[in-house]
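Trainee: Sequence:
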Amino acid sequence: MSDDHTPAETEAVADAAIEMMEALKAENASLKEQVLRFAAEAENTKRRAEREANDARAYAIQKFARDLLGAADNLSRATAAAPSDLDDPAVKNFVLGVEMTEKALQTAFESNGLKKIEPPRGEKFDPHKHQAMMEQPAPDVAAGGVLQTLQTGYELFGRIVRPAMVVVAAKGSGADLAPTPAESTGANPYAASEAEEAGGSVDTKA
Numbered sequence: 026m027s028d029d030h031t032p033a034e035t036e037a038v039a040d041a042a043i044e045m046m047e048a049l050k051a052e053n054a055s056l057k058e059q060v061l062r063f064a065a066e067a068e069n070t071k072r073r074a075e076r077e078a079n080d081a082r083a084y085a086i087q088k089f090a091r092d093l094l095g096a097a098d099n100l101s102r103a104t105a106a107a108p109s110d111l112d113d114p115a116v117k118n119f120v121l122g123v124e125m126t127e128k129a130l131q132t133a134f135e136s137n138g139l140k141k142i143e144p145p146r147g148e149k150f151d152p153h154k155h156q157a158m159m160e161q162p163a164p165d166v167a168a169g170g171v172l173q174t175l176q177t178g179y180e181l182f183g184r185i186v187r188p189a190m191v192v193v194a195a196k197g198s199g200a201d202l203a204p205t206p207a208e209s210t211g212a213n214p215y216a217a218s219e220a221e222e223a224g225g226s227v228d229t230k231a
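The opening position of the sequence shown corresponds to residue 26 in the numbering used here, with each subsequent residue numbered one higher.
Keep in mind that a hint or two might mislead.
[Stated by the list, open to error] In silico EDC-like cross-links for lysine to aspartate or glutamate, where the CA-CA straight-line distance does not exceed 20 Å: (1) 117 with 127; (2) 141 with 127; (3) 141 with 112; (4) 154 with 143; (5) 140 with 127; (6) 50 with 40; (7) 154 with 127; (8) 149 with 180; (9) 88 with 77; (10) 140 with 180; (11) 140 with 151; (12) 128 with 112; (13) 196 with 151; (14) 140 with 124; (15) 128 with 77; (16) 154 with 92; (17) 149 with 135; (18) 57 with 47; (19) 141 with 92; (20) 128 with 143; (21) 149 with 98; (22) 88 with 180; (23) 140 with 92; (24) 128 with 151; (25) 141 with 151; (26) 196 with 148; (27) 140 with 80; (28) 141 with 77; (29) 154 with 135; (30) 141 with 165; (31) 140 with 98; (32) 128 with 180; (33) 154 with 68; (34) 57 with 68; (35) 88 with 135.
No lab work stands behind these hints: they were computed from the structure. None of the values given here were measured: they were computed from a predicted structure.
Working from the sequences, and respecting the hints, build out all of it.
Mentor: Structure (structure tokens):
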């Protein structure tokens with residue numbers, strides 16, 4: 026008997042080999058896809074963990090920073106109320122010491138990511154950073170603009186620790202518009218709208 030395969034047998038073996046190669050190719054492609062997917066998931070998990078760790082480190086000092094804001098406010102009031110003309114050297118040195126202490130505290134705040142929110146006159150009211158305490162007519166500021174900052178606000182890496190408390194220009198204000206008594210009185214519309222908007226004007230939780 027001859028060991029040679031018949032043409033039909035040879036063709037069947039070739040077809041089986043081709044099918045096996047196609048199956049191996051498909052399996053290889055599937056395995057590559059799984060490896061890429063697992064690698065992407067691992068990278069996303071790593072980035073998420075790094076971001077959460079960074080957030081935890083960044084906001085770990087938030088409560089401590091908020092507790093220090095009262096001291097910063099008192100130092101600011103003290104320096105603002107200090108007389109400019111001082112004859113007594115002891116008092117002058119005392120005032121200088123208070124000013125240096127305030128400056129050192131603000132430097133420490135900034136180096137740790139805690140920045141002031143102190144909008145200048147005329148800046149548009151931002152409910153995410155400002156809290157409107159009252160309205161007043163103003164001939165030189167458009168309605169909705171900040172007239173005065175009553176209390177400095179602070180943010181920590183973009184997150185509001187305390188909003189700036191401001192006085193806002195009433196409706197009808199503006200360089201070319203004289204406010205009427207009806208427009209300059211009544212409830213503050215900003216206070217109502219702030220609470221209804223996303224996050225409002227105050228983000229004091231954390």
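Trainee: Check the structure against each numbered hint from earlier and tell me which ones fail, lowest number first.
Mentor: Of the numbered hints given earlier, those the structure breaks are 3, 7, 12, 15, 17, 21, 24, 28, 30 and 33, listed in rising order.
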